[in-house]
Amino acid sequence: MSGPEERFASAQARAGLGGVLSALECRWVNHPTAMARAEFKPVQLAAARACGLRVPPTLITNRPQDVVAFATEIDTPIVCKPVASPVLIEDGQLKAVYTQRLTLPDLIDLRGIDTTAHLFQGWVSKAYEVRLTVVGEAMFAAAIHAGSEASYEDWRSDYGALSYITTTVPDDVAAGMRRLMERLHLRYGAADFIVDPNGAWTFLEVNPCGQWDWIQGATGLPITEAIADDLQGVT
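For the sequence shown, counting from 1, position 114 maps to 114 in full-length UniProt numbering; every step adds exactly one.
Any given hint could be a false lead.
Here are the simulated lysine to aspartate or glutamate pairs, DMTMM-like style, with alpha carbons at most 20 Å apart [what the hints assert, rightly or not]:
1) K126 with D196
2) K126 with E149
3) K81 with E153
4) K81 with D158
5) K95 with D154
6) K126 with E153
7) K41 with D192
8) K81 with D66
9) K41 with E205
10) K126 with D91
11) K81 with D109
12) K95 with E153
13) K126 with D192
14) K41 with E182
15) K81 with D114
16) K41 with D154
17) K81 with E39
18) K81 with E205
19) K126 with D229
20) K81 with D154
Please keep in mind that the hints were generated in silico from the structure rather than gathered at the bench.
Throw the hints in and build the complete structure from the sequences for me.
Right, here's the structure in full:
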């Protein structure tokens, strides 16, 4: 098939299978329509803020002048990250786009920004990051400590430099996450937070179908068991 034919066939298959699955009246973790809505970063961030979670100053734009104005207004370093999935396939090779901290020369030359939407946020100083996996009413938190400059900027860029330890979730953050999960109609979510040197937690995102096995393998947190229980309605 040609490229356009492949895209057409893929869309038809997705609509057919997705439609059939979405019509099933069964227990979902998570329901496809809830996941589809929660995938939108603006929806997540607005909902998180409404639920009382701390969220970085955020701009979504494809206009270079807006980026400069944003950086000037918040008067802190900023980062650029994808609005949607950071993964792309080119010539059969899997590639990822990581969070990038922008320097002054970057702000002077923003060519390419106008090609599509980008997400910009204020840089949050970090002591460490946390992957908070929520399954029903259960929460499993793992602190992620960066061991390299690359992983400090985006831990996904250097998994080999990371170390993990289980941690506890502050009551206000746990309450905010429960409100967020209810608002987004999710039973499962893999949320990422930055914890600053003062101990404040800043919400970055929640992935409604995020990976968990690597965290369980590194920490022993019983996430798989919790998902199995939730699918069966076991509390």
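Results for each hint:
| no. | hint | in the structure |
| --- | --- | --- |
| 1 | K126 with D196 | holds, 4 Å |
| 2 | K126 with E149 | holds, 12 Å |
| 3 | K81 with E153 | holds, 11 Å |
| 4 | K81 with D158 | holds, 16 Å |
| 5 | K95 with D154 | holds, 15 Å |
| 6 | K126 with E153 | holds, 10 Å |
| 7 | K41 with D192 | holds, 13 Å |
| 8 | K81 with D66 | holds, 15 Å |
| 9 | K41 with E205 | holds, 7 Å |
| 10 | K126 with D91 | violated, 36 Å |
| 11 | K81 with D109 | holds, 17 Å |
| 12 | K95 with E153 | holds, 18 Å |
| 13 | K126 with D192 | holds, 13 Å |
| 14 | K41 with E182 | holds, 17 Å |
| 15 | K81 with D114 | holds, 14 Å |
| 16 | K41 with D154 | holds, 17 Å |
| 17 | K81 with E39 | holds, 15 Å |
| 18 | K81 with E205 | holds, 12 Å |
| 19 | K126 with D229 | violated, 34 Å |
| 20 | K81 with D154 | holds, 10 Å |
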